[in-house]
Every structure is written in structure tokens, then in C-alpha cells.
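Student: Each chain, letter by letter, is given below.
There are 2 protein chains.
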Amino acid sequence: MIQSIGYAALSPQSPLAPLRFERRELQPNDVVLEILFCGVCHSDLHVARSEWGPSRYPCVPGHEIVGRVTGVGSAVTKFRAGEMAAVGCMVDSCRSCPSCREGEEQFCDQGAVMTYGGPEKHTGGITYGGYSNNIVVDEAYTLKVPAGMDPAATAPLLCAGITTYSPLRHWKVGPGQVVGVFGLGGLGHMALKLAHAMGAHVVLFTTSPDKEADARRLGADDVVLSRDKAAMKAWRNRLDFIIDTVSAPHDINAALNLLKRDGTLCQVGLPPAPLPVNVFALTGRRRRLAGSFIGGIAETQEMLEFCAQHGIVSDIELIPIQEINAAYERLAKGEVKYRFVIDMASLATNADA
Amino acid sequence: MIQSIGYAALSPQSPLAPLRFERRELQPNDVVLEILFCGVCHSDLHVARSEWGPSRYPCVPGHEIVGRVTGVGSAVTKFRAGEMAAVGCMVDSCRSCPSCREGEEQFCDQGAVMTYGGPEKHTGGITYGGYSNNIVVDEAYTLKVPAGMDPAATAPLLCAGITTYSPLRHWKVGPGQVVGVFGLGGLGHMALKLAHAMGAHVVLFTTSPDKEADARRLGADDVVLSRDKAAMKAWRNRLDFIIDTVSAPHDINAALNLLKRDGTLCQVGLPPAPLPVNVFALTGRRRRLAGSFIGGIAETQEMLEFCAQHGIVSDIELIPIQEINAAYERLAKGEVKYRFVIDMASLATNADA
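Those protein sequence lines, which keep their order, are chains A and B. Residue 1 is where the first sequence starts when you use the numbering used here, and the numbers rise one by one after that. Residue 1 is where the second sequence starts when you use the numbering used here, and the numbers rise one by one after that.
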């Protein structure tokens with residue numbers, strides 16, 4: 001077995017703390033990465049605290065992973081030791097259902113194996129994520145990092161990037177379209193950058209007046225305060241597509257009413273409580289409320305290439321792993337611009353704490 | 001002015017009663033119909049009683065109209081006196097906005113003029129519907145009734161027919177697809193017939209065990225009791241499309257979970273209260289919740305031709321207009337198989353009562 005050290009929650013109430021654990025031996029198709037950077041996603045906090053239903057412990061979070069290949073299995077063809085590589089939200093899936101065959105592994109009929117807290121079929125245990133010094137992953141679920149990308153700022157692309165890129169592509173966002181982004185956090189700031197790079201006219205809807213300058217810098221052409229009823233009315237029936245990154249309770253009907261006929265609002269935030277949807281807001285313009293969930297492996301690679309081509313990375317705040325619990329508190333309050341990334345060198349030099 | 005007699009509500013509380021009123025003089029593009037039959041839609045009841053917000057009175061309901069042309073304006077080219085014709089939910093729209101230009105007049109930016117309770121620009125008053133002996137309508141908003149169709153059983157196609165036909169066509173329902181229909185009432189029974197005629201495998205979801213035989217006769221290949229959790233679970237992730245005709249509060253998330261990846265649930269029933277939507281039911285398979293509202297004029301004509309070609313009409317119960325208030329009570333309880341149609345001959349022979 002491969003020895004690992006990372007930060008883990010041992011229960012919903014316990015703060016993250018150092019933990020030594022084991023990963024599976026390298027299988028023929030596996031690569032092992034030395035993790036250099038790992039982004040901190042809001043999901044990490046939800047799962048570490050069992051906020052989306054009971055989690056399995058110990059929980060080593062982290063699914064925005066960039067590292068260096070330090071070893072490859074006998075059958076690996078895509079990677080060589082020394083190369084940069086990345087791992088996102090999934091590390092396996094059934095590979096035979098229609099979704100897997102169509103490159104939509106995130107919707108695998110058997111359930112994709114999540115990077116942490118999923119079933120680890122080789123060990124019989126669970127998967128452990130990227131708040132750790134290393135990880136062992138099948139090469140088919142490992143991404144290449146295009147040359148020249150900043151590895152720390154690339155890490156959040158593996159979840160925040162693909163989660164926003166996938167629906168923007170799926171609903172064919174491009175020039176001539178008006179696209180709304182609700183919420184300016186980790187997902188929202190990526191949605192602004194990506195929709196702008198795809199050529200759309202991008203409108204940020206936010207409850208925070210102080211976010212306007214930042215929004216424009218990140219790619220917004222217009223900024224609308226979603227609590228300003230007159231401003232919201234002025235945007236009615238004008239948007240082709242909305243990507244809604246807000247997971248707090250919010251007025252989804254006010255957002256739906258901004259869509260043109262046949263427009264789609266795609267929810268990528270995950271509100272824990274049901275959203276009350278006024279059916280007349282849908283029928284009145286044949287609008288759609290949809291949801292999207294990360295993206296497939298090939299699409300994640302495509303997203304990384306797109307970002308490399310357009311000079312897009314995440315805006316990050318680099319932290320040592322010892323600050324992860326304080327970072328969670330700030331994350332819960334929305335106080336990060338716009339993604340914490342753990343510098344895993346901090347773990348190596350503090351291997352016992 | 002053209003003299004009319006019909007049945008009207010004078011207030012939200014008053015039963016429908018005979019009323020003499022006037023319609024506009026025939027304009028160059030108008031046709032005047034002697035109304036032979038008018039279907040009774042659940043909307044009629046909602047609007048007569050101001051259940052969807054305050055209505056304008058007197059309210060002469062009725063938007064499932066089949067009649068005979070008795071006169072045409074000087075510029076009319078599509079109709080001649082003596083021909084059968086039909087009028088649905090709209091009698092006008094702006095004709096210049098994108099939706100009007102694209103044949104989606106029901107989504108007119110100015111608001112389509114509804115057949116009753118809408119603004120009557122010629123008289124400055126409001127429009128009066130089909131519970132009446134005649135109606136004056138611009139030929140552009142008047143439909144042709146294909147030869148050989150039973151006029152009484154054709155009337156409900158003008159709302160119940162097009163309301164279900166339009167989304168089935170918009171979402172390209174056809175052979176090889178599995179389509180769910182929720183609810184077996186006026187809309188549901190048309191959805192079964194139409195989806196079956198389009199070649200889909202059709203599954204009815206109902207709360208009523210006693211509707212199975214009827215559902216199969218109407219076109220259902222399978223019938224599922226929506227309160228049977230095991231049966232619902234067996235249908236998870238199996239439907240390409242759902243048309244939901246239920247306007248009572250119901251578990252929309254249980255329905256969404258039946259959809260395959262990228263499937264759409266289209267609501268055509270109009271629940272007065274918001275539906276609580278679990279976002280995970282959308283994100284888990286990139287599903288869509290949509291709404292649709294009647295259909296355009298050209299599409300309504302296409303629907304009538306489709307029905308003529310496939311021998312489809314509504315299952316109706318013919319009533320004299322004097323029974324309309326009793327029919328409303330039965331309608332509110334869902335006790336009609338599957339549409340009341342008023343035989344307007346009853347009005348002509350009872351012109352003062």
C-alpha cells in the first residue's frame with residue numbers, strides 16, 4: 001500500500017486534522033501524483049460536516065487537484081513520471097452505461113466514484129481526496145495540465161471551472177447571446193470569465209453592491225443588483241441563458257422571468273432546501289429550469305485546453321494546510337476572492353502537524 | 001354592432017346566467033361564426049371565479065369554439081360563408097414582435113389577446129368567449145376545420161389538443177421514445193392520444209386505480225400508480241419526456257426522477273401555488289423542468305390536420321348550456337370523461353333563458 005498523509009475530518013463536528021492513511025498499490029492503469037496544490041470547494045465543507053446527508057469518515061476532502069506524476073503503472077500510456085497532471089471530482093465510473101460511453105461519466109448509471117468518500121473497489125474502503133501529499137488514480141480519470149498554466153490557479157478549474165464550463169457549452173453559449181450569472185463566488189467568478197471568453201454579453205446578478213468593479217474586471221458587461229426590483233424589471237425577458245451559482249435560498253422566479261422565450265436557467269449551486277417554482281414563470285415564455293453537475297472527463301480536458309488558450313485561471317488565495325479550518329469559516333461567510341487553494345508544500349514540511 | 005347572447009359570470013361569486021351583449025361590427029379582415037359547439041375548459045372556471053387573479057366582468061368564457069362562417073369582411077381570403085371554422089384561446093396579438101413573427105403568437109411580447117377577458121381594441125371593451133351564439137374574429141386567428149371531423153368532439157382540440165400537441169412537437173416526441181403523461185383529465189386524455197399517434201411508448205401516471213382500462217383504450221402502453229413508491233422506483237431514469245397536466249399540488253420531484261439524463265418534464269397544468277423543486281433532482285441527470293402554453297396559430301392548424309389524419313378527437317360529454325353551472329361543479333371534482341362540450345343549439349332555442 002502507498003502511505004499518505006493528509007487532513008481529515010473524523011466526524012461531522014470535528015475540525016480537520018492531520019491523518020496518516022493508506023492508498024491502494026499502483027495498479028497497471030494507475031498513476032500516482034505528488035499533490036502540489038488542492039483547491040477548497042464549498043462541497044468539501046458540506047461533505048466534511050455531513051451537511052448533504054451522512055458522510056463516511058475519516059473524510060479527506062479535496063477534488064481540485066494539481067500535481068506531478070511520480071509513478072505510473074505498467075499499462076499506462078498517457079502519462080510519464082515528471083509530468084504535471086490533475087484530478088477533479090471523479091476517479092472512476094462503470095465505463096459501460098450509456099452516460100459513460102457518451103463521455104458523461106458524471107451521470108454514470110452506477111454512480112461515478114467521487115474523489116473522496118466514494119467506494120474504493122481495490123481496498124474495499126473509501127476514496128480519500130486531495131488535502132493530502134499524494135493520490136493514486138486510473139489514468140483514464142486523470143487530466144493533462146496544458147503547458148504554461150499556473151499550477152496553483154489551475155487547481156480550481158477541476159471543479160469550479162468544469163461545473164460552469166459544461167453547462168455553458170451544453171447550452172451553446174456564444175457570441176450574440178446575453179448570459180446572466182447569479183452569484184459571484186468560486187463558481188460565479190469562473191462563469192464570468194468563461195462566458196466572456198465564449199463571446200457572450202455577460203450580466204452579473206448579485207446582492208452585493210461592492211462587487212461591481214470586480215465583476216467587470218472578471219468579464220461582466222453589466223452588473224445588476226438582484227434586490228433592486230426596478231433594475232430586475234428592466235432585464236425581464238432579455239436573457240438567453242442563466243447560470244445560477246447561488247446555493248443559499250433565493251427567488252428563482254425573479255430569475256426565471258429574466259429569460260427570453262425558450263431560455264434556460266441552469267442551477268449549478270446546490271440549495272439544500274427545495275426552491276419554490278412558480279409554474280407561470282415557466283409556461284409564460286416556455287422557459288426551462290435545469291440543473292448541471294460538473295462535466296465529463298473528455299470535457300474537463302477540453303475545458304483545460306480552452307482555459308490555456310484564453311489565459312484563464314482562477315483568482316485564488318493561497319493558504320498553508322494548517323489554515324484550512326479558518327479558511328472554512330471564511331468560506332462559509334463568502335469571504336474569499338475567489339477560491340482558497342492549499343499549497344501542499346506546507347504539508348510536506350509539517351508532516352506530523 | 002353585432003348582437004350576441006351568451007352565458008356570463010357577472011362576479012366571481014355569481015353562477016353563469018344568460019346575457020345579451022354586443023360584438024364589434026365586421027371589420028375587413030373579420031369573419032363572423034355561428035357557434036355550434038364550445039368546449040368547457042378548466043380555465044373557464046378559474047377565470048369566471050377570478051381564481052387566477054381578478055377577472056374583468058361580465059365574463060363570457062369559452063375558447064374551444066367550432067362553428068359555421070355566416071359572414072366575411074371585404075378583405076377576407078381564407079374563408080367563405082357556409083364553411084366550418086374554429087377559434088381557440090387567442091383572437092389577436094401584436095403581429096410584429098419576434099414571437100409573433102415566428103408563429104409563436106401565444107408568447108407575444110405585448111401579450112396575446114385572449115378569446116375572453118382580453119382587451120377588445122375596436123370597441124374599447126373586453127373580448128367575450130364562446131359560450132355564445134356567435135363570435136367575430138380576424139381571419140388570421142381563425143382555424144379551418146378539416147373535412148370529416150366531428151364538430152362537437154373537435155372543439156376541445158382548440159385548447160386541450162393544442163396545449164398537449166405543442167410541447168410534444170416542440171420536444172420532438174416520436175418512435176423509440178418513452179413518454180410519461182401525468183394526470184388523466186381533459187389535457188391528459190389528449191396527451192395519451194397524441195403521444196400514441198406520434199409513435200412513442202406512452203406511460204400514464206395517475207393516482208386513480210380505476211382509470212387503467214380507460215388509459216389503455218386512449219393510448220397508454222403502461223399505467224403506473226403514482227402513489228405506489230415501488231412502481232415509481234421501477235420507472236426511475238427511464239422516461240425521455242414527461243407532460244404533466246396536473247394542476248393540483250403534487251410531488252414534482254418524484255416525477256423528475258423518472259427522467260433519463262437530459263430529459264424534460266413539461267408542465268401544462270397550472271398549479272396556483274409554487275411547486276417545491278429539489279435541485280438535486282435536476283442536477284443529478286441534467287434534467288429540465290419546463291412549461292408550455294397552448295400553441296401558435298399555424299401550429300394549431302397543423303394539430304387539426306394531424307388529428308384529422310389520425311382520426312383523433314376528444315372524448316366528450318355533450319351538455320345543453322343550461323347545465324353549465326352543474327358541469328362546473330362536476331369539473332371541479334374531476335368528474336368528466338373527458339371534456340364537457342356545450343351544444344349551442346340549446347342556446348338558440350332558449351334565447352331568453
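For the record, the hints were derived by calculation from the structure and aren't laboratory data. Some hints here could point you the wrong way.
Treat identical chains as interchangeable: a pair holds within one or across any two.
Pairs of lysine to aspartate or glutamate, EDC-like flavour, derived with a Cα cap of 20 angstroms [to be verified]: (1) 172 / 262; (2) 260 / 102; (3) 337 / 138; (4) 260 / 109; (5) 233 / 262; (6) 144 / 212; (7) 233 / 109; (8) 172 / 305.
Student: Next step is simple, just say for each hint if it's right about the structure.
Tutor: Tested hints:
Taking identical chains as interchangeable, the C-alpha atoms of residue 172 and residue 262 lie at most 20 angstroms apart whether they share a chain (13 angstroms) or sit on different chains (15 angstroms). Only between protomers do residue 260 and residue 102 lie at most 20 angstroms apart by alpha-carbon distance; the minimum there is 14 angstroms, versus 30 angstroms within a single protomer. In the homo-oligomer, the alpha carbons of residue 337 and residue 138 never lie at most 20 angstroms apart, since the shortest distance is 32 angstroms inside one protomer and 59 angstroms across protomers. In this homomeric assembly, residue 260 and residue 109 come within 20 angstroms of each other (Cα to Cα) only across copies, at 10 angstroms, whereas the closest approach inside a single copy is 33 angstroms.
In this homomeric assembly, residue 233 and residue 262 come within 20 angstroms of each other (Cα to Cα) only inside a single copy, at 19 angstroms, whereas the closest approach across copies is 31 angstroms. For a Cα distance limit of 20 angstroms, the shortest separation of residue 144 from residue 212 qualifies neither inside one copy, at 34 angstroms, nor across copies, at 55 angstroms. Taking the shortest alpha-carbon separations for residue 233 and residue 109, only the inter-copy value of 14 angstroms comes in at or below 20 angstroms, while the best intra-copy value is 41 angstroms. For a Cα distance limit of 20 angstroms, the shortest separation of residue 172 from residue 305 inside one copy, 18 angstroms, qualifies, whereas the shortest one across copies, 34 angstroms, does not.
Comparing the model with each earlier hint shows violations of hints 3, 6; every other hint is respected.
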